[in-house]
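Visitor: What follows is the residue order along each chain.
Number of protein chains: 2
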Amino acid sequence: MSLLVIGTVAFDAIETPFGKTDKIIGGAATYASISASYFKKDINLVSVVGEDFPSEMIKTFEEKGIHTDGLQIKKGEKTFFWSGKYHEDMNSRDTIDTQLNVLSTFDPIIPEAFQDCEFLMLGNLMPSIQMMVINRMKTRPKLIVMDTMNFWMEIAMDDLLKTISMVDVLTINDAEARQLTGDYSLVKAARKILKMGPKYLIIKKGEHGALLFHEDQVFFAPALPLEDVFDPTGAGDTFAGGFIGYLSSVRDISFESMKRGVIYGSAMASFCVEKFGLERVMNLTDKEVEERVLEFVDLVQFDITLE
Amino acid sequence: MSLLVIGTVAFDAIETPFGKTDKIIGGAATYASISASYFKKDINLVSVVGEDFPSEMIKTFEEKGIHTDGLQIKKGEKTFFWSGKYHEDMNSRDTIDTQLNVLSTFDPIIPEAFQDCEFLMLGNLMPSIQMMVINRMKTRPKLIVMDTMNFWMEIAMDDLLKTISMVDVLTINDAEARQLTGDYSLVKAARKILKMGPKYLIIKKGEHGALLFHEDQVFFAPALPLEDVFDPTGAGDTFAGGFIGYLSSVRDISFESMKRGVIYGSAMASFCVEKFGLERVMNLTDKEVEERVLEFVDLVQFDITLE
Chain U
1 MSLLVIGTVA FDAIETPFGK TDKIIGGAAT YASISASYFK KDINLVSVVG
51 EDFPSEMIKT FEEKGIHTDG LQIKKGEKTF FWSGKYHEDM NSRDTIDTQL
101 NVLSTFDPII PEAFQDCEFL MLGNLMPSIQ MMVINRMKTR PKLIVMDTMN
151 FWMEIAMDDL LKTISMVDVL TINDAEARQL TGDYSLVKAA RKILKMGPKY
201 LIIKKGEHGA LLFHEDQVFF APALPLEDVF DPTGAGDTFA GGFIGYLSSV
251 RDISFESMKR GVIYGSAMAS FCVEKFGLER VMNLTDKEVE ERVLEFVDLV
301 QFDITLE
Chain F
1 MSLLVIGTVA FDAIETPFGK TDKIIGGAAT YASISASYFK KDINLVSVVG
51 EDFPSEMIKT FEEKGIHTDG LQIKKGEKTF FWSGKYHEDM NSRDTIDTQL
101 NVLSTFDPII PEAFQDCEFL MLGNLMPSIQ MMVINRMKTR PKLIVMDTMN
151 FWMEIAMDDL LKTISMVDVL TINDAEARQL TGDYSLVKAA RKILKMGPKY
201 LIIKKGEHGA LLFHEDQVFF APALPLEDVF DPTGAGDTFA GGFIGYLSSV
251 RDISFESMKR GVIYGSAMAS FCVEKFGLER VMNLTDKEVE ERVLEFVDLV
301 QFDITLE
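Just so you know, the protein sequences line up as chains U and F, in that order.
The working numbering numbers the first residue of the first sequence as 1 and each following residue consecutively.
The working numbering numbers the first residue of the second sequence as 1 and each following residue consecutively.
Derived by calculation from the structure, the hints in this document are not laboratory data.
If chains are identical, the list can't say which one is meant, so a pair holds when it fits in one copy or spans any two.
Straight line, CA to CA, 25 Å or less: simulated DSS-like cross-link-like pairs of lysine-lysine: (1) Lys259 / Lys205; (2) Lys275 / Lys192; (3) Lys188 / Lys275; (4) Lys59 / Lys23; (5) Lys205 / Lys188; (6) Lys162 / Lys188; (7) Lys20 / Lys188.
All chains should be built: construct the whole structure from the sequences, respecting the hints.
Guide: What follows is the structure, given as structure tokens:
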């Protein structure tokens, strides 16, 4: 019973107030699968790269228990490339360059050996491709988690709404929740989104934490107050990976378990932003993850008992 | 052993995207003392108003256990007046009018009967007056909590820094913490402010909750996700009142107790913003307060136990 992660595997070039990188490895599925690998030892990756993608990274995936049989390598083609620059407050960014390359013709083929999957993570990608993946699963997974972004609301709203209606958990950020619903109040926005299909909604608020909504229940996970946020790239994907990685490892999708998943996801995201790109998330020990989770416990734990 | 609250008692005129008010009663000490009165039954108020201030409100203070012997009423003069307009996101506002009136010559006389005070709340006011109050206490209170705002950083920084150095707990908002220290990172800002004198620092982040810092410990209290924020006026004062009201009622100033105080303060502030001005905070039942606090418990409670 494994976890299937689809999404981009890409090259990024990033500039933040703390510095800039050359082409480094990124992509939603990269961050999500590596983050999940700290909790779950059997992860199947479906994505596409070009001939320019380093084989050492594919080896690294395998070493981390991420099976790459579903990672298509297109001969003579180039890997998806994104370049962006973050503003001073790190909450907003400008896209400088996007080269779709192999992504423009991506046909997400799911290897037969990957069909046996209880947990499906749809990383940020064209909604039509996310939908295609759901339709190609012979048995519907026990839990489908979908991440998306504002870009698809602008150019593929119909596909996006159709895909959203098919998933169990949607993760988006606060600005996107407002854009999707036209409501400034996140409580009102959440109510509308939960009527679109998903039974669970996670609204990510970056440095202000994350909210988990389900029916009339709300859970809030803080972000860890950090000295500096060096690079927010991939934080949302890392969050989603930690969330579904944890859930798939315990195979418990109750609300209580999802709350824990949100904390694990937040802990993983707090590592991600401490260094550029994958650097920090790639090289953690289990002990570091455990200690970080305990920092979250300390951060919000208080003792009030009323009669 | 009582709680002494000083600060403004005022008239406000407020405009938010949800509507506008005529002159209504406001002021930092008003919000703080009323909020505190839900926890503490013996509160001493020191402030100043003009002849135009309604005597019914003074009666209301007394009914709520707030002693007004220290509330000076200046014959032939007018009460401090502030008028402001909030922007769409409710996180920023423009001051439309400020009429200092009685405040311009305020001499904070502390009645002899008020000297016996263990807990002192210095509501937002000229730092020189806050300092004068500290100096006029014959015995230093067990806990001095100070609130302030960016305005004093611009026109009275020296007095402000001197006053900050004399208190135990400083409460300011995130933008003010950044302005006071020049650090964007709240963790770095907090470290600097804790070196200015206060042993505890509370950074209020409005709809994003509040952080309590003490030595190398951090505690985070969320804000309750609300359908709508009608009017943020007084939320910070209401927070401070709930915080010190709770602490003075239990007479425990340990870090654990302060964490609970931050939750009680946050619960009170969450009521404040639900209606215009004092309306909501004025008319709560103990049961409503208790239920709101339990909502905070539910909001952040999760169960992770690691070996």
